[in-house]
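Engineer: Got chain A; can you put chain B on it based on the hints?
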Amino acid sequence: MTTPMVHAVGVRKSYGANEVLKSVDLTVGRGEVTCLIGPSGSGKSTLLRCMNQLEKHDAGELRIDGELVGYSLRNGKLYERSERELCDDRAAIGMVFQRFNLFPHFTAVENITIGQVKVKGRSQADATTRAHELLERVGLGAKANHYPSQLSGGQQQRVAIARALAMEPKLMLFDEPTSALDPELVGEVLDVMKDLATSGMTMVVVTHEMGFAREVADSVYFLDAGVIEESGNPREILVNPKSERLQGFLSKVL
Amino acid sequence: MPPDDEPVVVPLRHPWRWVSSFVAMVLVAMLVHTLFSKIPSGASVCHQHGATKVCGPAFQWRFGWNVVFQYVTDKFVIQGVELTLFVTVTSMIIGFVLGMVLAIMRMSTNRLMTGIAWLYTWFFRGTPVYVQLLFWFNISILYQSFTLGVPFMNSWHVATISSNLIFTVIRAAIIGFGLNEAAYFSEIARSGLLSVDEGQLEAAKAIGMTRLQSLRYIIVPQAMRVIIPPSGNEVISMLKTTSIASAIGLPELLYQTDNISARTYQIMPLLIVASLWYLAVTTVLSIGQFYLERHYAKGALRTVPPTPLQRMRRDLSQLTQYRWSAR
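Those protein sequence lines, which keep their order, are chains A and B. Residues 1 to 254 in this note's numbering are what the first sequence lists, from first letter to last. Residues 1001 to 1327 in this note's numbering are what the second sequence lists, from first letter to last.
Next up, chain B with everything else stripped away, as it sits in the complex:
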């Protein structure tokens, strides 16, 4: 029991927190309500009540959830998702590899190399990816065929292939997105490589590593810590950017859902179908990013942050411990 002359501590009240929480909860409730509200469909339904027939308006989901549910696993939608994923993955691979090469070129002591890398980045970042896509799709206007041979020696050639055989819609999309991504990724990779202390390269050299070995075993693994978060952004951004390839007729996710809505006039539900799939893939990618970041955090932090699962287990065990001690 405290002595009588000790003042009582009054905790600070936060009335505005209560007000703002209340407003936020009302807004969330309104959102949920409208998402799952029903509206008159325009048709009418009649019920037989004994001898009398009662007719009234029929209702349907405002957001057409039944249509969403019907098409979310549609064969064509799934095909679209698969193609979207394929184009995203392949063009990201091209972007990462070429971007890393460009970043290394940009940091080279050879002025021609830095110049070429700079020019590449300047051009591909400076023009819309949509224009680049149309360019590769229409390349056969400029070149009817491609020939493997000796530069500037038109009569010496090994093989010739028609442009239309090389630049199919899907390849034009992959090349267009990949080359564009390389320009952006090269800057990300460069910032990562620059973030590694110069002493690391010296230490690698001092034990006799070649430049390539130093990059591969010492510099790049450390640069990854800086490279991954913005790269995660790039992958997610690319996933959604692939939808503009529907303009050159690539049957990816949005192209497929557009096709279905053109046939069924269910525009909103099919946009929701596409959005749900994009969200699902983004979620999976974000989880992957978390574990990748954790992997490359090795040594950088004294203790690696726990995975959500580990955190949950720890919280649970603390809870049970608390209950035991409370007893």
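Only chain A is shown next, with the shape it has when bound in the complex:
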């Protein structure tokens, strides 16, 4: 059996007295698309952010690609990983944010090259070539020299996806990628994500787009108040939810 891409066992996270993740178990296979759904404040974004250590989990075992996240195990002891090591870990995981977070002082193509050059050590020429390929792939070849302020929300998010892909990640994390978009722009971003899923990318997507979850996801996890209430095949749990909470949640979002 191959090791799963993401494997979480009993992951916990608190902010002070507020426990946002209460022992979460989750498995994401290679090449699979997993959607995390649930009401706001349920801990789905926090779980996602623990995966690339933008947040540090307090307890439990979180592994990506078989390796522990945030710690190294040596001689039976868990050593906290250094900032430097965390940077290397993050470079191998792509992340797309709700608010795009493109670098406003860089053009689209510069947004995509900066990480390649400064983190991966690629030459400027190679990075630029690759950036143009990726912009073509997300349908924005003509917008290479536009600044983020000159692009629509949907275009910005597609550049953000290209920026993450430029690092050749083994895993892509999406934190509500369409929640900040005007309704008519959601489709273009979801199309890019579907295309990415088809190409075999492992993806974890926090989303409120139930249509996307049903169509693309291999598995769906429903979180509520820091607990995974229900999980499984989207065609089963989104159509015939067993728990009352998921029934209640779906009746509100669908």
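Simulated from the structure, these hints should not be mistaken for laboratory data. The structure displayed is predicted, hence computed values, not measured ones. Built from N, CA and C at the ideal position, the CB exists for glycine as well. Honestly, I wouldn't trust all of these hints.
[Said to hold, decoys possible] Chain B is faced by these chain A residues, among others (derived, beta-carbon under 8 Å):
(1) 15
(2) 52
(3) 54
(4) 103
(5) 118
(6) 148
(7) 167
Structural biologist: Below, chain B without anything else, positioned relative to chain A:
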């Protein structure tokens, strides 16, 4: 031709605008007149008119423009300008670098670092720069020499230098102004860093950038937009503040013009000479600031504002287009 029943539009009149414009123009005229007026110099001149000699009072510029013109390019004045510029630039560099470090320390999660940065700012902002200048100039009273070695181990040392060799007048001035500026600039830098959205740091981290890389490529360039306008103020303010270093004998611009007026008794013309130079440098700095702001506005505005030259060209081309169409 409008129909007869359509009322005629009468534009609103602004009589007070005319009155205030007139008053302002009179005042400006008075200013120009007094600037270029002449007064009796106290001496008298005589002209030979045929056989008779006519004597009358001699006149001179009230503001002594001929003296101003004579000294504005004086060798010592130029030397003073050069030193003023050198001290301004070097102490601003110290201020910017140290101030940026202090701002980053202040925003650190390490409480000791924030504490030290706060204490530094508190001390250097809370005491007059003049006092600080005198302090560094007189440091040799406290320390006759400085030793490089292991802290608290007086017998282990590598090198020892006399204080008077380190703290020359010019270095005391640069260190004094630089350390003082750092305290002010750290607050400017901090406000700039705080103005950058937190998502930017997260996005930089998410592509694997270290903290230093995120600061250098992502955060600081965006913070510059907020940092530059008040920094321009600081540079101009520093340019003029350097004049108080004449008190410790730094031969900068004001020291040189003072020297000349002490010798020639031309107090006002030499103050004008100094003012003209300060104004000239300030003008150049302001132009530099405009282009720097424009550079860092990249991406923040959909279109970058035109330079004065571009604006002039555009206005001219519009004017010619207008004339063409008018034909």
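Engineer: All the hints need checking, so say for each whether the structure fits it.
Structural biologist: Okay, the hints, checked on the actual structure:
1. Look at residue 15/A: its Cβ only gets to about 15 Å from chain B, farther than 8 Å, so that hint breaks.
2. Among the interface hints, the one on residue 52/A holds; its C-beta lies about 6 Å from the nearest C-beta in chain B, closer than the 8 Å criterion.
3. For residue 54/A, the shortest C-beta to C-beta distance to chain B is roughly 6 Å, which falls under 8 Å, so the interface hint holds.
4. With 8 Å as the threshold, the beta carbon of residue 103/A comes within range of chain B, its nearest partner Cβ sitting at about 6 Å, so the hint holds.
5. Annotation: residue 118/A was flagged as interfacial toward chain B, and the flag holds, the nearest CB pair being 6 Å apart, inside 8 Å.
6. At its closest, the beta carbon of residue 148/A sits 7 Å from a beta carbon of chain B; the interface hint therefore holds under the 8 Å criterion.
7. Contact between residue 167/A and chain B, as hinted, is supported at the beta carbon level, the nearest pair being about 6 Å apart and thus within 8 Å.
Checked against the numbered hints given earlier, the structure breaks only hint 1 and satisfies all the rest.
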